[in-house]
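Engineer: Residues per chain are reported as follows:
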Amino acid sequence: MNVALHTSPDMNMIATDADGARLIDLATSPVRALNGALHALGTTNETLWRVANPRGLHAIAAGVDAPVAIEIAGNVGYYCGGMNKQARIVIDGNAGVGVGENMMSGFIHVKGDASQAAGATGCGGLLVIDGNASARCGISMKGIDIVVKGSIGHMSAFMAQAGSLVVFGDAGEALGDSLYEAKLFVRGSVASLGADCIEKEMREEHRALLAARLEAAGALGQVDIGEFRRYGSARTLYHFHVDNVSSY
Amino acid sequence: MCGIVGLFIKDPKLEPQLGALLAGMLDVMCDRGPDSAGFAVYGNGAKGAVKLTLRGPAGTDFAALGAALGLPVVPRDTHAVVSVPAEREAAVRAQLATLAPQVAVISSGSRMELYKEVGLPADVARRFKLAEMAGTHAIGHTRMATESAVTTDGAHPFSTGPDQCLVHNGSLSNHAGVRRELEREGLRLATQNDSEVAAAYLTHRMRAGDSLGAALEHSLADLDGFYTFVVGTESGFGVLRDPIACKPAVMAETEGYVAFGSEYRALVDLPGINTARVWEPEPARVYFWDRAA
Numbered sequence: 001m002n003v004a005l006h007t008s009p010d011m012n013m014i015a016t017d018a019d020g021a022r023l024i025d026l027a028t029s030p031v032r033a034l035n036g037a038l039h040a041l042g043t044t045n046e047t048l049w050r051v052a053n054p055r056g057l058h059a060i061a062a063g064v065d066a067p068v069a070i071e072i073a074g075n076v077g078y079y080c081g082g083m084n085k086q087a088r089i090v091i092d093g094n095a096g097v098g099v100g101e102n103m104m105s106g107f108i109h110v111k112g113d114a115s116q117a118a119g120a121t122g123c124g125g126l127l128v129i130d131g132n133a134s135a136r137c138g139i140s141m142k143g144i145d146i147v148v149k150g151s152i153g154h155m156s157a158f159m160a161q162a163g164s165l166v167v168f169g170d171a172g173e174a175l176g177d178s179l180y181e182a183k184l185f186v187r188g189s190v191a192s193l194g195a196d197c198i199e200k201e202m203r204e205e206h207r208a209l210l211a212a213r214l215e216a217a218g219a220l221g222q223v224d225i226g227e228f229r230r231y232g233s234a235r236t237l238y239h240f241h242v243d244n245v246s247s248y
Numbered sequence: 001m002c003g004i005v006g007l008f009i010k011d012p013k014l015e016p017q018l019g020a021l022l023a024g025m026l027d028v029m030c031d032r033g034p035d036s037a038g039f040a041v042y043g044n045g046a047k048g049a050v051k052l053t054l055r056g057p058a059g060t061d062f063a064a065l066g067a068a069l070g071l072p073v074v075p076r077d078t079h080a081v082v083s084v085p086a087e088r089e090a091a092v093r094a095q096l097a098t099l100a101p102q103v104a105v106i107s108s109g110s111r112m113e114l115y116k117e118v119g120l121p122a123d124v125a126r127r128f129k130l131a132e133m134a135g136t137h138a139i140g141h142t143r144m145a146t147e148s149a150v151t152t153d154g155a156h157p158f159s160t161g162p163d164q165c166l167v168h169n170g171s172l173s174n175h176a177g178v179r180r181e182l183e184r185e186g187l188r189l190a191t192q193n194d195s196e197v198a199a200a201y202l203t204h205r206m207r208a209g210d211s212l213g214a215a216l217e218h219s220l221a222d223l224d225g226f227y228t229f230v231v232g233t234e235s236g237f238g239v240l241r242d243p244i245a246c247k248p249a250v251m252a253e254t255e256g257y258v259a260f261g262s263e264y265r266a267l268v269d270l271p272g273i274n275t276a277r278v279w280e281p282e283p284a285r286v287y288f289w290d291r292a293a
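If you're matching them up, the sequences are chains A and B in order. Counting from 1, one number per residue, gives the positions in the first sequence under the working numbering. Counting from 1, one number per residue, gives the positions in the second sequence under the working numbering.
Keep in mind that the hints were calculated from the coordinates and are not lab data. Among the hints, a few may not be true.
[Claimed, not checked] Computed list of lysine-lysine pairs in DSBU-like fashion (alpha-carbon distance at most 30 Å, straight line):
1) 142(A) with 129(B)
2) 247(B) with 149(A)
3) 129(B) with 47(B)
4) 47(B) with 111(A)
5) 129(B) with 111(A)
6) 111(A) with 149(A)
7) 13(B) with 129(B)
8) 142(A) with 111(A)
[Unchecked claim] Examples of chain A residues lying across from chain B (beta carbon under 8 Å, computed):
9) 57
10) 59
11) 63
12) 86
13) 90
14) 92
15) 94
16) 96
17) 109
18) 111
19) 150
20) 154
21) 241
Computed from a predicted structure; not experimentally measured. No residue lacks a Cβ here, since even glycine has one placed at the ideal position from N, Cα and C.
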């Protein structure tokens with residue numbers, strides 16, 4: 001496996017499916033050939049891409065900025081769909097560390113489980129995980145919306161600034177530690193809340209927000225919105241208190 | 001960063017392929033740990049015999065050493081396995097110390113053999129002909145040294161008890177204190193490596209009567225730092241991640257095997273992987289498998 005030396009996309013490695021979709025097999029082509037071709041797309045008619053044999057490789061479909069659909073048939077490694085703009089990426093398998101990391105817009109759907117730091121630092125777009133997400137899901141999120149149909153691990157939404165995290169299952173230890181203004185909705189149990197994260201009243205506007213997120217994720221009606229509890233920042237950590245001035 | 005691989009065979013039909021499968025996994029993990037590598041394989045054992053894995057300087061004449069000991073020796077590059085009647089183990093160790101002081105005994109056990117060297121993991125596996133080895137379970141490691149020097153002694157696995165070995169990705173922060181306590185209990189450690197302390201800690205617990213699972217549970221309380229451990233015993237195979245889960249881990253299970261990899265990439269060429277149950281072991285949860293006696 002020698003991916004380091006490819007500096008330009010080799011279009012010979014990309015075939016065309018019977019239905020016009022572009023097809024690349026990562027058992028025989030390097031990730032760089034795929035990503036190079038995707039990065040070269042501007043406005044394009046090549047709107048459907050299929051990726052075969054992802055083999056847990058890293059950075060598949062990272063850095064895409066084009067309104068295309070990318071279907072990945074299998075488990076992916078680290079940072080799949082990282083920095084994504086516009087693209088709709090469907091992973092028919094599990095995702096490694098940092099799926100959708102720093103995504104800006106678009107949609108990523110993981111049909112299996114996601115490893116740690118799913119959607120980390122994401123600024124926009126929607127990340128849907130059908131299975132569980134491990135620790136630090138949505139860490140430092142800045143506007144991304146994340147819907148996890150299973151449970152999430154510890155330290156999720158740590159220092160989360162904006163956006164929403166919706167969890168159908170349970171949350172691990174220290175949910176929302178040092179939280180800013182991201183909105184957290186958890187249907188199951190929460191092992192513990194992190195510093196400055198508190199349960200908040202679920203008002204009509206929050207039920208409407210949750211319904212909108214579920215609808216965007218294609219999951220409206222799958223769960224009872226009345227079963228979710230809302231968590232947010234107590235706002236005691238990030239405001240300056242004059243009483244603390246001697247500590248600085 | 002380091003890479004760990006492990007394979008615990010459930011279907012005896014796969015046992016002849018153990019080494020070849022592990023070699024493939026180790027090869028993929030070269031880029032997580034390019035400076036040295038090692039592996040332990042649980043293969044055949046003869047009743048009443050102990051296998052000692054010896055390591056000597058390049059060019060050591062292990063055949064002559066075996067002849068001098070009057071014991072069968074299987075040399076592999078800088079290592080060799082000598083099969084010793086159990087009651088003669090102490091005597092043979094004493095003989096070795098006199099006959100070949102430059103040769104170290106790096107493991108002993110009824111079935112375990114242990115090999116490790118400095119160099120690119122794929123080359124290390126080739127030098128020892130890992131792909132030809134058969135057995136019930138095996139663990140391997142590719143090392144990117146952080147806490148001690150790049151030496152053969154610092155490579156993993158570490159073995160501190162019969163048929164016991166451990167590989168570690170991470171770094172322990174309280175290893176000096178734990179080392180002092182273990183030494184007070186009479187354990188002798190061969191290196192300054194933090195991972196050897198973890199191995200010796202588990203040996204100490206198991207010597208006191210703990211099962212592998214119980215020993216791993218105790219280590220959650222007593223070992224501090226970052227770790228993903230994969231541990232082998234004569235009949236068992238265990239996995240533990242620290243409560244913060246700093247270091248990566250992926251597992252897969254089929255009817256035929258349980259496999260461990262630092263990354264899923266290491267598992268992709270295993271038979272039936274596409275239909276395997278693949279999951280990420282949870283932090284601070286002990287996983288272990290034991291061959292039904």
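Engineer: Hint validation: residue 94(A) versus chain B, beta carbon distance must be below 8 Å. Holds or violated?
Structural biologist: holds, 6 Å
Engineer: Is residue 142(A) within 30 Å of residue 129(B), Cα to Cα?
Structural biologist: At roughly 51 Å apart (the allowed maximum being 30 Å), residue 129(B) and residue 142(A) break the hint.
Engineer: With 8 Å as the cut and Cβ atoms as the points, is residue 111(A) at the interface with chain B?
Structural biologist: With Cβ-Cβ at 13 Å, over 8 Å, it is violated.
Engineer: Hint residue 92(A) vs chain B: min CB-CB distance below 8 Å?
Structural biologist: This interface hint is violated because 11 Å lies over the 8 Å limit.
Engineer: Holds or violated: residue 47(B) and residue 111(A), Cα atoms, limit 30 Å.
Structural biologist: With a Cα-Cα distance of about 50 Å, the restraint between residue 47(B) and residue 111(A) is violated, given a limit of 30 Å.
Engineer: Let me know if the C-beta of residue 154(A) comes in closer than 8 Å to any C-beta of chain B, holds or violated.
Structural biologist: With Cβ-Cβ at 7 Å, under 8 Å, it holds.
Engineer: Any CB of chain B closer than 8 Å to the CB of residue 96(A)?
Structural biologist: holds, 6 Å
Engineer: Do the alpha carbons of residue 129(B) and residue 47(B) lie within 30 Å of each other, as the hint requires?
Structural biologist: Roughly 25 Å between the alpha carbons, so the hint for residue 129(B) and residue 47(B) holds.
Engineer: Take the C-alpha atoms of residue 247(B) and residue 149(A), compute the straight-line distance between them, and say whether it is at most 30 Å.
Structural biologist: holds, 25 Å
Engineer: At a threshold of 8 Å, is the proposed contact between residue 59(A) and chain B supported by beta-carbon distances?
Structural biologist: With a minimum Cβ separation of about 12 Å from chain B (threshold 8 Å), the hint on residue 59(A) is violated.
Engineer: Are the Cα atoms of residue 111(A) and residue 149(A) separated by 30 Å or less?
Structural biologist: holds, 10 Å
Engineer: Less than 8 Å between beta-carbons is the criterion; does residue 63(A) satisfy it with respect to chain B?
Structural biologist: violated, 20 Å
Of the hints listed earlier, those the structure fails to meet are numbers 1, 4, 5, 10, 11, 12, 13, 14, 17, 18, 19, 21, in rising order.
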